[in-house]
Structures are given as C-alpha cells and as structure tokens.
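> The lines below spell out each chain.
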Amino acid sequence: METIIAATPTTLNFDVQNIRKNFPILNEQVHGHPLIYFDNAATTQKPRQVIEAISDYYQHSNANVHRAIHTLGEQATEGYEEARRKIARFINAESEKQIIFTRGTTESINLVASAWGEKFVGQGDEIIVTEMEHHSNLIPWQLLAEKVGAKLRYIPFTEDGTLDTSLFETLLNKQTKIVALTHMSNVFGTINPIKKIVRLAHDRGIPVLLDGAQSVPHLPIDVQSLDCDFLAFSGHKMVGPTGIGVLYAKTNRLENMNPYQGGGEMINAVWLDRATWAEIPHKFEAGTPNIAGAIGLGAAIDFLQQIGMKQITLYEQQLTTYALERMTRFKEMTIYGHAPERGSAISFNLGSIHPHDMAQFLDQYGVAIRAGHHCAQPIMRKLNVAAVNRASFYFYNTTEEIDAFIDVLKKARDFFDF
Amino acid sequence: MDSEFRELYQQIILDHNKSPRNYGHLDDATHVLDGQNPVCGDHYTIYLKVKDNIIEQARFEGSGCAISKASASIMTETIKGKTIEEADRYFEWFHKILTGSVDVNESLLKVGKLAAFAGVADFPVRVKCATLAWHTMHNALHNKKERVSTEEDEA
Numbered sequence: 001m002e003t004i005i006a007a008t009p010t011t012l013n014f015d016v017q018n019i020r021k022n023f024p025i026l027n028e029q030v031h032g033h034p035l036i037y038f039d040n041a042a043t044t045q046k047p048r049q050v051i052e053a054i055s056d057y058y059q060h061s062n063a064n065v066h067r068a069i070h071t072l073g074e075q076a077t078e079g080y081e082e083a084r085r086k087i088a089r090f091i092n093a094e095s096e097k098q099i100i101f102t103r104g105t106t107e108s109i110n111l112v113a114s115a116w117g118e119k120f121v122g123q124g125d126e127i128i129v130t131e132m133e134h135h136s137n138l139i140p141w142q143l144l145a146e147k148v149g150a151k152l153r154y155i156p157f158t159e160d161g162t163l164d165t166s167l168f169e170t171l172l173n174k175q176t177k178i179v180a181l182t183h184m185s186n187v188f189g190t191i192n193p194i195k196k197i198v199r200l201a202h203d204r205g206i207p208v209l210l211d212g213a214q215s216v217p218h219l220p221i222d223v224q225s226l227d228c229d230f231l232a233f234s235g236h237k238m239v240g241p242t243g244i245g246v247l248y249a250k251t252n253r254l255e256n257m258n259p260y261q262g263g264g265e266m267i268n269a270v271w272l273d274r275a276t277w278a279e280i281p282h283k284f285e286a287g288t289p290n291i292a293g294a295i296g297l298g299a300a301i302d303f304l305q306q307i308g309m310k311q312i313t314l315y316e317q318q319l320t321t322y323a324l325e326r327m328t329r330f331k332e333m334t335i336y337g338h339a340p341e342r343g344s345a346i347s348f349n350l351g352s353i354h355p356h357d358m359a360q361f362l363d364q365y366g367v368a369i370r371a372g373h374h375c376a377q378p379i380m381r382k383l384n385v386a387a388v389n390r391a392s393f394y395f396y397n398t399t400e401e402i403d404a405f406i407d408v409l410k411k412a413r414d415f416f417d418f
Numbered sequence: 001m002d003s004e005f006r007e008l009y010q011q012i013i014l015d016h017n018k019s020p021r022n023y024g025h026l027d028d029a030t031h032v033l034d035g036q037n038p039v040c041g042d043h044y045t046i047y048l049k050v051k052d053n054i055i056e057q058a059r060f061e062g063s064g065c066a067i068s069k070a071s072a073s074i075m076t077e078t079i080k081g082k083t084i085e086e087a088d089r090y091f092e093w094f095h096k097i098l099t100g101s102v103d104v105n106e107s108l109l110k111v112g113k114l115a116a117f118a119g120v121a122d123f124p125v126r127v128k129c130a131t132l133a134w135h136t137m138h139n140a141l142h143n144k145k146e147r148v149s150t151e152e153d154e155a
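Sequences listed follow chains A and B, in order. If you read the first sequence in our numbering, its first letter stands for residue 1, the second for the next number, and so on. If you read the second sequence in our numbering, its first letter stands for residue 1, the second for the next number, and so on.
Check each hint, because a few of them may be wrong.
Examples of chain B residues toward chain A, derived with CB under 8 Å [stated by the list, open to error]:
hint : residue
1    : Phe5
2    : Glu7
3    : Ile12
4    : Leu14
5    : Ala29
6    : Cys40
7    : Gly41
8    : Lys49
9    : Glu61
10   : Ser63
11   : Cys65
Some chain B residues well away from chain A (every beta-carbon gap over 10 Å; in silico) [stated by the list, open to error]:
hint : residue
12   : Asp2
13   : Asn17
14   : Asp42
15   : Asp52
16   : Phe91
17   : Thr99
18   : Pro124
19   : Arg126
20   : His142
21   : Glu146
Facing chain B, a subset of chain A residues (Cβ under 10 Å, in silico) [claimed, not checked]:
hint : residue
22   : Phe23
23   : Asn27
24   : Glu28
25   : His31
26   : Pro355
27   : Tyr365
28   : Ala387
I should point out that these hints are in silico values taken from the structure, not numbers from a laboratory. Quick reminder that beta carbons are idealized off the backbone N, C-alpha and C, glycines included.
One chain only, chain A, in its complex shape (with noise of 0.2 Å):
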C-alpha cells in the first residue's frame, strides 16, 4: 500500500465548485457524459481569465515588443515584461533578468543542452541522467553527448519508482559535467529528493538542471532553495497557453553560455561579419517571441496564485489519495509507483485490458485519460509493460469525478471480462 503524506483538512480551505466556474470547459459533454478530465500531466485547461488575457491583447494591445515607439508597442512590451516578472516572482528567483521564454519544457532543455552543454561538455565527459526522464530530458542529452563525444550515465529506479540515490554518489567523478533530472516523475508521480542531489552535485562544482514540467504546476517552488543552476517548465500544463514555457537559470550561468539562436533581438551591435549580443535574457530570445502566450502565462500565474499553490498541493494530495484508495480495491489493478512522496500522475493497468482499449472505453463515458508509453519508452522497458494507462489530476478535478471513473473501471472490467 502507499503511504502517503496526509494532507491536514485544518489547513485546507478549498471551493472546488467555485474554481471549475472559471474553466468554461469543464461544461462540455463527451459521448453524452459530463467531460471528467483526467488528462493533466500532458496538458491542463485554460480558465476565462487566462483565455480573456490573450483575446485581451490581441484586441488592444497587438505590436512588437523592444522595437517600436508607439503606444502599443510600449504596451505588448510591458505585458511581455510584466510577465516575466510574475515568473520570477512565482518561483522566487533573484531577478526576472533569469526567466528565459521559450516554447516549452523540451525547448528550455535543448537550449541548455545546446548553448550550455557545447561549450562546457567536451570529449570523454559525463552527463548523469536518470532512468526515468521524460524523453525530453533524454534524447538532448543523448545529442549532445554523440556531438561532442561525452556519455550519458543513469541513476537508476528501484521498484517502487523511486530513485537509488545511494548509487548516485558512485556515479560522480571529475568528467561529470551536469546531472539532469525530472523533479516530479510524469509515469510514477514521484517527486524526486532535488535537495540531496543538488547538495551532492554542488560539492564536487557540478551544476543540475530540474525538468520540472510535471512540478512546477503542482508545487510551491523556490529556486533559491532548491538552489538548483536550471529549471525548465511549460506555460501549458499549468492553465498557460500552449507554445510557451521557461528556462530559470542561475546568472553567472547564463552569462557564461553561447547564443542559441542567432536573429533580431538577442544582439547588442552587428557588423557584416560580427555581432555582440544582447544582455541576459534578450541573448536567447532571438526573433519575435509568443509575446501573447507570455501574457497569458502571465494571466495563468495570477489564477494559481490567488488560489495558493499550498491550497493546490494539499488538494491534490487528498485527491490522489482518494483515488489510489479507490483504485487498489480492484483486486486486478496494478499501480505503477509507490513513492512515498508523491504527485497527482497515477499509472496503471486493469487486469489483462490493454491500456488502447481502457482509454477507448472510458472516452465512451466521457473520461479522458491517457494511454501509452508516455513518452518514457526505457521505463516501459524496465517495467516490461508495452503501455499503461496513466490518471492525473488537477486542482479543479472533484472525489465525485474519481467515483465516476471508479465506476466506469468496473464497468470496463466487465466488458471486457476477465
């Protein structure tokens, strides 16, 4: 069974009703149901507030930022800039100078892999990963190690989905250039102990870098604290737009890195055949960016916020375990993870059903859940599964919707009949 952490009710002071209010979606029906989305580790929905802000700047607001000298150009501008100082502020970073956009967690990865990684990782280096990276924390590493010629070294998962730190220690020497990691597991939920491997990494001068795709939306996060040199996330899994994300990185870091595209906005002076670049953080956002996506990012921060990424936790911790509760009463379920500090990601399998054939009977009713590899094939391989389903939460999911798909599992179990 899974421990959990208990949630404290005292301290939870949650209107579920009234925030799903703001996601006009949740009112659509799905094969005639009432849609229960269950989908949120790939993407979550998008509150008024968030969809007004970019209707918002499209109507008033449309020009170019940094260039132009006319009042909506000051004005796509501050938006732009305001922005980025409501991400610095979110994850509590020295200076807003810190918050990279780019177009997502993958992108924000490749970056450091590219820009970072080409100038400080070179023949017979090491880059540590772990065995239970989303590909995007995977295949730029992989890149960049048959680029210049370093390797790759994995912290492997034990059975229960968490990390074997005590072998993380063994995998350090001098050629460790970086160790790259996911805070929160998108298959398993895990949150991963970031502290101690940083801890770990920063002893011998070794930078980390999160992928926190899966924890930023879901946790209070503090950079300073976490003190790790790289933080990747997405706009849109946490009620952002899509096509926007961010790349935190500590100063002296990202001063030290190459350009990563080269184009208008990131120089400072161009010559025919020379250029100086532009301070941090225009020196890596050439061209023109998702200045709309920024804003509703922006707009999807002060939604969170005004709810409390604490309150967020604490509900989600009560939802999953909830539905973990629920879920391991069938006496053919497997659960894929057990850690013991966990996320809202639920991975399973139901008897002998592939998981192509549960996703399509639950859309029948109106449940929408993943099902696949989740794009974690060398975890599917250790587990010797082909795919799982995957159920993941968000702080507008409801106990009443668990006990529907509760229902509708049953329902697939004897359709299915096993």
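Mind docking chain B on chain A? Use the hints.
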C-alpha cells in the same frame, strides 16, 4: 455507449481477444516475421507453414490491444488451408473493409468473420491496430525479410 463503439468491439472481437486461436510458436514454420506498432507498443510474430503453395499452418505470438489481437487470431483462421493467392485476396478485402470501401453485407460470403472489423473504419486511429498482423503475414508470405513497422520512423 455509442453504437459505433459497439460496432468496434463486437462480441466476436472480444471473444478472440480473450481466447485467441492459433496462439503460440510454430516449430516447423517456413515463414516467420515480426511486426510492431512502435507508437502503441503492439508487437506480434507471425508463423506460417507453406507447402505446395498452400498455407498449411498459421500461428501467432505477441501482445497488443483487443483489436490487434483479435485481428491476428481471425487472420490465422481465415488463411489456414488457403493458397498464397487466396491469402493475398483476403489481405486486399480486409483493407477495403477497414477503409469502408466495401459493403460487408453484400460481400459477407467472401469475407466471413472479417466483416466484424467493419466498425474500425469509424475509428481511424485504430486502423493500424487491425492491419498489423495482416501486413506482417503478407510480407512474410512474399519473403520480405524486414520487420514490419506501422510507422516509417520509430517514434
């Protein structure tokens, strides 16, 4: 539950998923080939024993969703005892059924149990599940040695 969904998961498909026919290794196979769908992880091995242009034995091993497994099971039943040319014709009919370009009621005599897969036409993403075993069988019969993959490049 929609009628399209019922059409997709007909009783005969659920039955073959639960109790697949001709399942397992074939020792004296003359043709053996692997097929996989890298996107969803379905993978099967098809075993055929061909003698004097007749498919004397057809078996399969592997795992995947109900649609892919039932399809492999019904396929082995369909082609057993048939000539290579007849198996090719079933392969073509099966494709027409899945793309909705054949009236299964009119052609029921020809296609038999394969008519159960007509409902797949309403679920385009599931067509690859239904065709995996068939493509693998077809390539095996015609001695194409490369492993069958439903995707051009592995995801």
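> For which of the previously enumerated hints does the structure constitute a violation, in increasing order of number?
Those not satisfied are hints 2, 3, 5, 8, 9, 12, 13, 14, 19, 22, 23 and 24.
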